[in-house]
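Knowing the structure of chain S, use the given hints to seat chain F with the ligand on it.
In order, the protein sequence lines correspond to chains S and F.
For the first sequence, the working numbering assigns the number 1 to the initial residue and increments by one for each residue that follows.
For the second sequence, the working numbering assigns the number 1001 to the initial residue and increments by one for each residue that follows.
Hints are computed from structural coordinates only; laboratory data are not their basis.
Predicted, not measured: the structure shown is a model, and the values here were computed from it.
Heads up, a few of these hints could be off.
Said to hold, decoys possible - Covered, in the sense of this in silico footprint (three residues per stretch, anywhere, with C-beta under 8 angstroms from a C-beta of chain S), are these stretches of chain F:
#1 1006-1013
#2 1048-1060
#3 1080-1092
#4 1104-1110
#5 1225-1236
To be verified - Listed next, with one range per pair, are the computed distances between beta-carbon atoms:
#6 S/54 to F/1201: 46 to 52 angstroms
#7 F/1195 to S/27: 28 to 34 angstroms
#8 F/1183 to S/157: 48 to 54 angstroms
#9 F/1155 to S/53: 53 to 59 angstroms
Glycine is no exception: its CB is placed at the ideal position from the N, C-alpha and C atoms.
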Amino acid sequence: MATRGFFGRRTPPELADRIPPGQYLEEGFPVLSAGPTPHVRTEDWSFTLKVGPRPVKRWNWDEFNALPIGKMTRDIHCVTKWTKLNTAWEGVLVDDILADAGIEPPTGYTLAHAYDGYDTNVPTADLVGGKAMVALRYEGAPLTADHGGPARLLVPHLYFWKSAKWLNGLQFTERDEGGFWELRGYHMYGDPWKEQRFTGD
Amino acid sequence: MPLRRRLDWQAATVRRVETKTPTVKSFFLEPAEPFAYRAGQHVDVRLTAPDGYSTERSYSIASAPETAPLVELTVELLEGGEVSPFFHEVVEPGDTLEIRGPIGGHFVWRVAEGGPVLLVGGGSGVVPLMGMARHRAAQRADVPMLLFFSARHWDEVIFRDELLDLEARGDGFSLALALTREPARREADFGRRIDGAAAMAALARLPAPPRVAYVCGSNPFVEAATAALMEAGIPAPVIRTERYGG
Ligand SMILES: Cc1cc2nc3c(=O)[nH]c(=O)nc-3n(C[C@H](O)[C@H](O)[C@H](O)COP(=O)(O)OP(=O)(O)OC[C@H]3O[C@@H](n4cnc5c(N)ncnc54)[C@H](O)[C@@H]3O)c2cc1C
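One chain only, chain S, in its complex shape (with noise of 0.2 angstroms):
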């Protein structure tokens, strides 16, 4: 249906097929999140990888800093509709999270947690083989409070809303539980290039 008198602001044709569908470019960085920006000390952070109910193991900030740190640049979208180019991250990949824990991928499904009660589910098959990561640095500097920081997920390839903030576990689950949006109406697993915004799309 065309929307009388619309034309709507181009992107340009270059970038037009990293755009998914009802996303527009952003510029900036905004920030979505269901409560206040909790600030976490580096002192006091940790880290637990569990396996339903049983941690496996935990680091601290020194200790997790001490893991392969890589890089990831790569294309965002929230679920707001905007969409960012070209973020660059670093952080540990979740292959050398387990690697280090000494596990291979235990069960199909993931629960990301965070500090602030926040959780959210992706399969686990999305977090390995190089497809996401702990990011600690955003653009060269250590990831703000209000960007998710000390921690956060970074599962660029789906929904924004996946890559928890503030992040202090990754919990292996067998069967695929929804997290706190997810239980809220929005989607299991949110590709943005399906446009899988909410239950049923």
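Using the frame of chain S, we list chain F with the ligand on its own:
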């Protein structure tokens, strides 16, 4: 509450357009397939150009759920924006727009959830809070509610006369304005940004600490306002935020 139903796009007819302030207009939409909504929810709007190019934005629902099927969207003009200038310069009664909703299950409030309720809005961030205040009034509830609303000027206070009327009912709704570019005009108001001291002073107008606080506006506003609330002693888990970007 989970949304189990599929959210389909549908046509909505613009029934009325109201100018609220020099840069804010309300659009009253009647969806082809009426839906119930909760105070604080939003809808997505999709605009499509003749060549098929389309873009989407989210807009909060300003009207009370009791007003359904009518949906009031209140849009602030952002110079150079793609969608808000279209609303302001093009949309008129009789037009159809594509929308889907209602969306959102966290930034919502129902009278039955009780209070006291603290609402904190910056600029167009007042829109979903207005839905909550109107819902309370439509239900003739006496849940204590305080709206702490920051705007640059008195003449940019969206819904100003209606808010003053709601307060004048004397049923437990109070309004505190924080004007950032001119002095306060009423005793209850502030002639500065929302900070910890202002939050503390405004909160004294609720009979008890808020059981829930809703903060909405641009991201810098939400960051500053939530910091002020926490400085005034409100615990983080009580605070829910909605950030418009920017
Ligand atoms: C859940 C939700 C509910 C919303 N409800 C409302 C509402 O009720 N009323 C309303 O007017 N808007 C609301 N918005 C914002 C709205 O979706 C659009 O972002 C806004 O209208 C600007 O769109 P645009 O196309 O005109 O500008 P764009 O072309 O998208 O953006 C222009 C630039 O302005 C910046 N920008 C976006 N918002 C702001 C802001 N608030 N202050 C400063 N800069 C900004 C953007 O980052 C961008 O760089 C809501 C957003 C969300 C996510």
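Hints, one by one, checked against the model:
1. 1006-1013: Three-residue rule met by the stretch 1006-1013 of chain F, so holds; n is 3.
2. 1048-1060: This one holds; 9 residues, not fewer than the three required, reach chain S with a Cβ under 8 angstroms.
3. 1080-1092: Since 4 is at least three, the answer is holds.
4. 1104-1110: holds (count 4)
5. 1225-1236: holds (count 5)
6. S/54 to F/1201: 46 to 52 angstroms: Holds, at about 50 angstroms.
7. F/1195 to S/27: 28 to 34 angstroms: For residue 1195 of chain F and residue 27 of chain S the Cβ distance comes to about 30 angstroms; the hint holds.
8. F/1183 to S/157: 48 to 54 angstroms: holds, 51 angstroms
9. F/1155 to S/53: 53 to 59 angstroms: Holds, at about 57 angstroms.
Hint compliance for this structure: every hint is met.
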